[in-house]
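*Asks:* Let chain A serve as the given structure and place chain B on it in line with the hints.
Single-letter residue listing:
Protein chains: 2
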Amino acid sequence: MSVSLNNIRIVLSHTSHPGNIGSAARAMKTMGLIDMRLVQPKQFPDPVAVAMSAGSTDVLDAAQVTEDLATALQGATLVVGCTARRRDLSHKMVSARELAPLLMAQAQTNPVALVFGTEMSGLTNAELEQCQLLVHIPANPEYSSLNLASAVQILCYELRCAIIDMPAAAPVELARHEDLELFYQELEQSLIAIGFLNLAAPRRLMTRFRRLYSRAQLEKEELNILMGMVKLIRNPAQINQAAKLD
Amino acid sequence: MSVSLNNIRIVLSHTSHPGNIGSAARAMKTMGLIDMRLVQPKQFPDPVAVAMSAGSTDVLDAAQVTEDLATALQGATLVVGCTARRRDLSHKMVSARELAPLLMAQAQTNPVALVFGTEMSGLTNAELEQCQLLVHIPANPEYSSLNLASAVQILCYELRCAIIDMPAAAPVELARHEDLELFYQELEQSLIAIGFLNLAAPRRLMTRFRRLYSRAQLEKEELNILMGMVKLIRNPAQINQAAKLD
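For the protein sequence lines, the chains are A and B, in the order given. Using our numbering, you'd call the opening residue of the first sequence number 51 and step up by one each time. Using our numbering, you'd call the opening residue of the second sequence number 51 and step up by one each time.
The hints are simulated quantities; they were obtained by calculation from the structure and are not laboratory data. Mixed in with the good hints, there may be bad ones.
Intra- or inter-copy, both count: the list cannot distinguish identical chains.
Said to hold, decoys possible - EDC-like, lysine to aspartate or glutamate: derived pairs with alpha carbons at most 20 Å apart:
(1) Lys92 to Glu169
(2) Lys270 to Asp229
(3) Lys270 to Glu236
(4) Lys142 to Glu271
Here chain A stands alone, though its shape is the one from the complex (with noise of 0.2 Å):
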């Protein structure tokens, strides 16, 4: 099995019926992924979901489960959200196809995490705002409503499909999910140390940054060099503690 395929995460958020837990285990495997994770799902382990995964019950032992998102995208250097709708204020977002050859090539080197909703609401904007890229999947605007294993199991595909056209681009090393949270906690608390942020009237400040930064799709080097700065903004006498740059 590529390396590359192992190296991305399906993270299934809030998950109501286990029967889709089961039909997602199974999509992820005909496609050749083998990394689930389950934040908080309504019944699991269970037994409509072994039923359902028709055989692909090593996926489904080997399923983390975890107590909230932030845990089950640990290490992952990028993470995208699978959204039916466009949001407002949203992050960039892509289809299907766009998004498999970048996920693939960033999974050569570094976990990867695709994030999906509960069956009836999707995405909290909260799940949004770890994310750093949207996907979605072309559908009937009539109707788009896709069961979560078919939506699963059509980016399965996709990536699947991008294996054989893989581009070898030389891989940069991307900040990781909990160091860009860290940055974005320092740098609310410069921000509002410089009086740039007022807490009473945000001006939706804090979003609009992870959006510009999310889209930029930061190198680990690059969140070092922001770090290091936005530390500096809030004292700057401590200039020997700037981030050290090889």
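*Replies:* Chain B alone, transformed into the frame defined by chain A:
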């Protein structure tokens, strides 16, 4: 709905489980297909089919049930069989992606059909004889057991992708070159002021910032935000001069 999609029949032969018929109807409808034909289904109509169709009952209600494959194929000008494996002395085989434009081109003027066999054993040799072309879905060679409705979903998705382009995203106003240059000047001054940038040892810092923000393709409004922040870094007292946001 596109005429071409209306001309595409999904033919399910001898399907064992009514749930799969319902799921296939849903898969079809999400991609804008409406013409389902059922050759001797084991159990249909059936409440499980209705439940799994998730509201795609119009597809189920209109589904034509026939005694044999030939009847289901009447009038079709291109008949394609879906198969997981290469057959001995078989027809020409194409991938799902290769098939889509071929089928769509033909469907502009004439009915065409995609034929799926039973869940357990696929199409019989007698059924294959009635096909002109075979299509396969790329899959994990060690576990290629796609659910019937998943196979329908992927093929219908490929057909839909063959007709549509990406939805036109609302154009955003990007930052102008001269404003970007001004920003980099301000940023440099501020970084010097807080001691993050030392011109005697600049560490290619400004080049790195340029690279990062170039990749992000800054929007006009985002540049305004960054500019406001950067000016405040140098002079935290100037709170009233912060960039105004709408």
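*Asks:* Hint by hint, work out which the structure violates, then give me just those numbers in ascending order.
*Replies:* none
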